[in-house]
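Protein chains in written order, with my numbering: chain A, 23 to 184; chain B, 23 to 184.
No false leads were mixed into what you were given.
In silico EDC-like pairs for lysine to aspartate or glutamate, Cα to Cα no more than 20 Å straight-line:
{"no.": "1", "chain 1": "A", "residue 1": "Lys158", "chain 2": "B", "residue 2": "Glu152"}
{"no.": "2", "chain 1": "A", "residue 1": "Lys158", "chain 2": "A", "residue 2": "Glu131"}
{"no.": "3", "chain 1": "B", "residue 1": "Lys158", "chain 2": "A", "residue 2": "Glu152"}
{"no.": "4", "chain 1": "B", "residue 1": "Lys158", "chain 2": "B", "residue 2": "Glu131"}
{"no.": "5", "chain 1": "A", "residue 1": "Lys158", "chain 2": "B", "residue 2": "Glu147"}
Per the computed footprint, the stretches of chain A lying under chain B, defined by three or more beta-carbons under 8 Å from a beta-carbon of chain B, are:
{"no.": "6", "stretch": "138-152"}
{"no.": "7", "stretch": "156-164"}
{"no.": "8", "stretch": "171-178"}
Since the hints were made in silico from the structure, they are not lab data. Cβ atoms here follow ideal geometry from the backbone N, Cα and C, with glycine treated the same way.
Letter by letter, the chains look like this.
2 protein chains.
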Amino acid sequence: MQTSAHDQYFRSDDHNHARCRREAVATAATLCAQRGARLTPLRRQVLELVWARHAPVLAYDLLDQLRARQRRAAPPTVYRALDFLLEQGLIHRIESMNAYVGCVDPFVEHAGQFLICNRCRSVAELDDAEIGEAVKAQATAAGFQVMRPTVEIRGICSACAR
Amino acid sequence: MQTSAHDQYFRSDDHNHARCRREAVATAATLCAQRGARLTPLRRQVLELVWARHAPVLAYDLLDQLRARQRRAAPPTVYRALDFLLEQGLIHRIESMNAYVGCVDPFVEHAGQFLICNRCRSVAELDDAEIGEAVKAQATAAGFQVMRPTVEIRGICSACAR
DNA sequence: TCATGTTATGTTATATTATAACATTGGAGG
DNA sequence: CCTCCAATGTTATAATATAACATAACATGA
Ligand SMILES: [Zn+2]
Ligand SMILES: [Zn+2]
Ligand SMILES: [Zn+2]
Ligand SMILES: [Zn+2]
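Input sequences plus hints: build the corresponding full structure.
What follows is the structure in structure tokens.
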């Protein structure tokens, strides 16, 4: 399998994503157990669907997929599961797309920073200290208490640029 | 009139905002004239409404206000005017609020960076080089071409924290 | 001036995203 | 079994945004 300098950001096309997904769900189960939060079958199923790819998923696409899997589902079904997963830090909301993506490191609390490809929709999640520091410095200078920093960088990923 | 170290970010409550607004519209007119873009009465009216305060405005609130001013208006009326103003860099869209705010420096092309108060909704627009550099550094490391960086920092402004 | 193409606006309908409100289900603990 | 509570089901509707087509305003050259 080929690797490149960029692999630490975007997952290559041929990576073993089934494993990413299994691990993400297993991690979620562990975390929820630790916290006494209930990762019910519905919530687990939504998390699996969100983890379909390293790309944000729309709420109504999740709804369609739940229905395709013979589950009774209406918009609140999906939004409530998403709310739970957001609260637990297991997924992030991508504001600029009204979409949801799995968190790559739910053990550590963090606000997401994202590189999002406009062509293939792939997302790379960052947690860059320099961006964080720079934001904090500006906030401090303004006497501003940061609650939820949102950093979403839209553009073209290296694979799509080729 | 009192001033404080934070004034360069958030406008104080007692600043002369009528003047901000007049200047913003005048600047817009100048810019559009330079570019051969048409700041029609409708577009100018929407820009004035967006500049009501240093806070993001919702599209449907603009719609209501246009109607209150005896103008025939439907959603496309507003969205088309907003699209024009966005293209000209005269306003920014706040993704995390589905709302629109006047740009404080439309002469220079830039992506907005915003501090947004969750309490009073006031917005401070930044164009901080350090944040920009940090973002660019990460993008470069990932082989990513930045097209539209979005930085929206939600929190509590100094006035509301007091 | 008029014909013509182009841009802007009006109009109707509908798509997309999200929440309110209330009913039902199904365990955990007594 | 009963009770409580969290989770889910269900119906309706709110909030945000766009598609598609009609008309009006405007520019520009014949
Ligand atoms: Zn993967
Ligand atoms: Zn994350
Ligand atoms: Zn002002
Ligand atoms: Zn700006």
